[in-house]
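Going down the list, the sequences are from chains A and F.
Each residue of the first sequence is one higher than the one before, counting from 1 in our numbering.
Each residue of the second sequence is one higher than the one before, counting from 246 in our numbering.
Quick caveat, the hints were computed from the structure, so don't treat them as lab data.
The structure presented is a predicted model; accordingly, all values stated were derived computationally and were not measured.
Careful: at least some of the hints might be erroneous.
Here are a few chain F residues that sit away from chain A, every Cβ distance over 12 Å (derived from the structure) [unchecked claim]:
no. : residue
1   : P260
2   : G266
3   : V279
4   : A280
5   : G284
6   : S296
7   : I301
8   : M339
9   : Y396
10  : L474
11  : I475
12  : G477
Simulated coverage check for chain A against chain F, where a stretch passes if three residues somewhere in it have a Cβ under 8 Å from a Cβ of chain F [claimed, not checked]:
no. : region
13  : 50-57
14  : 100-106
C-beta atoms are modelled at their ideal positions from N, C-alpha and C, and glycine is treated no differently.
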Amino acid sequence: MNQAEKEAYLREYSILKNQGKPFFPYAVAKDSVMAVVVMIVIIFLAAMFGAELGPKADPTTTTYVPRPDWYFYFLFEVLRVMRNIPKFTDLATIGVPTICMILLFLLPFYDRSPERRIERRPVALAAGLTTIFAMAFLTYTGANTGSPNTVDLQPPASLTAQQKAIFRAGALVVGNSGCLACHVLGNNGNDGPGPPLTHIGRILRPEAIASTLRNPTAPMPSFAALAKQNPRQFYDLINFLGELQ
Amino acid sequence: MPKLPSPPLPKALRPAPRRPGEPDEKQATTPIEVAADAGISVVDWIDERTSLSGGIRWMMFRKVPRGINWFYTLGSATMFAFLNQAVTGVFLAMYYRPDAAGGAYESVRYLTDQAFLGQLVRAMHKWGASVMIILIFMHMARVFFFGAYKYPRELTWIIGVVLLILTMAMGFTGYLLPFDQRSYWATIVGVNINGTGPFLGPYLSDFLRAGPEFGATTLSRFYAIHMMLIPGLIAALIGAHLYLVSKLGISAPPWIKAQEEPELRQTTL
Numbered sequence: 001m002n003q004a005e006k007e008a009y010l011r012e013y014s015i016l017k018n019q020g021k022p023f024f025p026y027a028v029a030k031d032s033v034m035a036v037v038v039m040i041v042i043i044f045l046a047a048m049f050g051a052e053l054g055p056k057a058d059p060t061t062t063t064y065v066p067r068p069d070w071y072f073y074f075l076f077e078v079l080r081v082m083r084n085i086p087k088f089t090d091l092a093t094i095g096v097p098t099i100c101m102i103l104l105f106l107l108p109f110y111d112r113s114p115e116r117r118i119e120r121r122p123v124a125l126a127a128g129l130t131t132i133f134a135m136a137f138l139t140y141t142g143a144n145t146g147s148p149n150t151v152d153l154q155p156p157a158s159l160t161a162q163q164k165a166i167f168r169a170g171a172l173v174v175g176n177s178g179c180l181a182c183h184v185l186g187n188n189g190n191d192g193p194g195p196p197l198t199h200i201g202r203i204l205r206p207e208a209i210a211s212t213l214r215n216p217t218a219p220m221p222s223f224a225a226l227a228k229q230n231p232r233q234f235y236d237l238i239n240f241l242g243e244l245q
Numbered sequence: 246m247p248k249l250p251s252p253p254l255p256k257a258l259r260p261a262p263r264r265p266g267e268p269d270e271k272q273a274t275t276p277i278e279v280a281a282d283a284g285i286s287v288v289d290w291i292d293e294r295t296s297l298s299g300g301i302r303w304m305m306f307r308k309v310p311r312g313i314n315w316f317y318t319l320g321s322a323t324m325f326a327f328l329n330q331a332v333t334g335v336f337l338a339m340y341y342r343p344d345a346a347g348g349a350y351e352s353v354r355y356l357t358d359q360a361f362l363g364q365l366v367r368a369m370h371k372w373g374a375s376v377m378i379i380l381i382f383m384h385m386a387r388v389f390f391f392g393a394y395k396y397p398r399e400l401t402w403i404i405g406v407v408l409l410i411l412t413m414a415m416g417f418t419g420y421l422l423p424f425d426q427r428s429y430w431a432t433i434v435g436v437n438i439n440g441t442g443p444f445l446g447p448y449l450s451d452f453l454r455a456g457p458e459f460g461a462t463t464l465s466r467f468y469a470i471h472m473m474l475i476p477g478l479i480a481a482l483i484g485a486h487l488y489l490v491s492k493l494g495i496s497a498p499p500w501i502k503a504q505e506e507p508e509l510r511q512t513t514l
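Could you put the whole structure together from the sequences, leaning on the hints where they help?
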């Protein structure tokens with residue numbers, strides 16, 4: 001906006017303001033109605049859904065699924081998606097959220113046109129709608145990604161149907177045992193503190209995997225109990241890990 | 246100095262003009278009149294020393310432009326949700342103990358199960374946070390689509406973005422305080438993600454954790470940030486935001502065009 005446009009706006013605005021009504025009571029009345037609505041909504045939500053308190057925090061468990069509050073889903077989903085696309089890892093480390101934040105701060109400085117009607121601001125309209133849909137979509141997928149404990153890996157095509165079934169069963173055991181809290185498997189799980197397991201089958205033979213599971217290095221929990229109580233699941237687990245070439 | 250508009254009282258409530266022959270000032274006689282006079286003189290006493298009435302008149306009786314609609318209530322609704330958070334938060338703080346060894350969880354357990362209306366107040370705080378986040382994003386969308394962030398309201402927008410970030414930070418720090426499994430593990434992941442941010446990320450993570458590891462002081466740090474640091478900042482910035490809104494005037498809806506004043510047209514004819 002140049003000086004002439006600024007002055008034109010201020011002139012126009014002062015006329016509109018002079019034709020308006022006083023803030024009190026006209027705007028205050030609307031605001032008060034809205035405040036009552038907000039209060040009713042909050043009390044309704046509070047009375048209907050309450051506030052649950054889960055089990056006490058236990059730093060020694062490794063199986064717990066971290067879930068943020070729903071309004072952070074989009075942020076977590078962005079980071080998850082970015083991490084899974086190798087080309088974008090650098091971008092992800094610079095921080096997509098940081099870039100978005102800076103863009104938001106500087107909005108009045110790069111959008112300098114005097115036009116305010118949204119139908120005459122096609123770029124702003126497209127950017128705004130894209131942002132809304134992206135955030136809604138990311139929140140939705142973030143909510144439906146399911147538990148971060150599911151291992152999303154396809155069995156290698158070379159396996160027989162029976163071996164594929166074992167592969168899937170083993171992936172389920174890994175998910176339910178909370179391995180992803182410390183290990184990364186392909187695009188799943190956290191990288192560290194445990195070593196990545198994406199290609200563990202190349203490094204260790206199944207017998208070595210079995211003995212590591214029985215006698216792990218702390219803080220990893222031992223799977224000796226599982227081997228005793230449910231040898232079938234233990235067998236699936238070892239086979240699954242052994243197939244991760 | 247511009248003349249302040251007089252209070253827009255309905256006709257019935259406006260004081261009647263003095264009739265001829267009546268004395269200038271009626272002497273207060275009944276107890277109610279004496280009490281009213283005492284109230285007025287207290288307000289007068291304060292106003293003589295602070296001149297607050299001018300500021301209040303400036304704030305309350307300024308004009309808002311033609312065409313203001315319900316979308317314009319989203320900002321004040323967000324502030325109202327913040328007030329709800331402040332009030333319920335004070336009551337929660339009366340019971341809460343920031344003790345990572347188990348006291349924190351026990352105090353929230355007591356609050357939820359035993360304290361009178363404790364669960365309702367805690368639920369109102371929890372759901373109030375969600376409502377506030379939704380409202381602040383809707384308010385931002387309104388400002389964006391109406392082009393209200395443009396000249397001369399750029400600074401109001403920037404303060405608003407800071408408020409948005411602080412509100413999200415409130416959601417993040419508050420999530421840890423119940424100290425159950427869900428909040429503990431989500432916060433660990435959250436702080437780690439924070440640490441991957443550029444430049445300041447690792448320092449911010451260390452600051453939040455109060456050290457390189459998630460420890461006993463982390464909870465008190467989150468508690469202090471959630472209870473004192475950010476609420477103070479939010480309150481101060483809401484003040485600045487509101488001052489700018491009053492100073493610059495509420496933006497008119499972009500589709501409303503100013504017409505010439507009808508009286509002006511008549512005088513030229």
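Here's how the hints hold up against the structure:
1. P260: Per Cβ check, P260/F is outside 12 Å of chain A; nearest 18 Å; holds.
2. G266: Consistent with the label, G266/F stays out of reach of chain A, its closest Cβ about 35 Å off (over 12 Å).
3. V279: Holds: least Cβ distance 29 Å, greater than 12 Å.
4. A280: 25 Å, holds
5. G284: 20 Å, holds
6. S296: About 19 Å separates S296/F from the closest Cβ of chain A, which puts it past 12 Å; holds.
7. I301: Violated, because the least Cβ-Cβ distance between I301/F and chain A comes to about 10 Å, which does not exceed 12 Å.
8. M339: 16 Å, holds
9. Y396: 5 Å, violated
10. L474: Nearest chain A Cβ is 19 Å from L474/F, so the label holds.
11. I475: 16 Å, holds
12. G477: The assertion about G477/F holds, with a minimum of 21 Å to chain A.
13. 50-57: holds (count 7)
14. 100-106: Our answer is that it holds, as 3 residues pass the Cβ test (under 8 Å) against chain F, meeting three.
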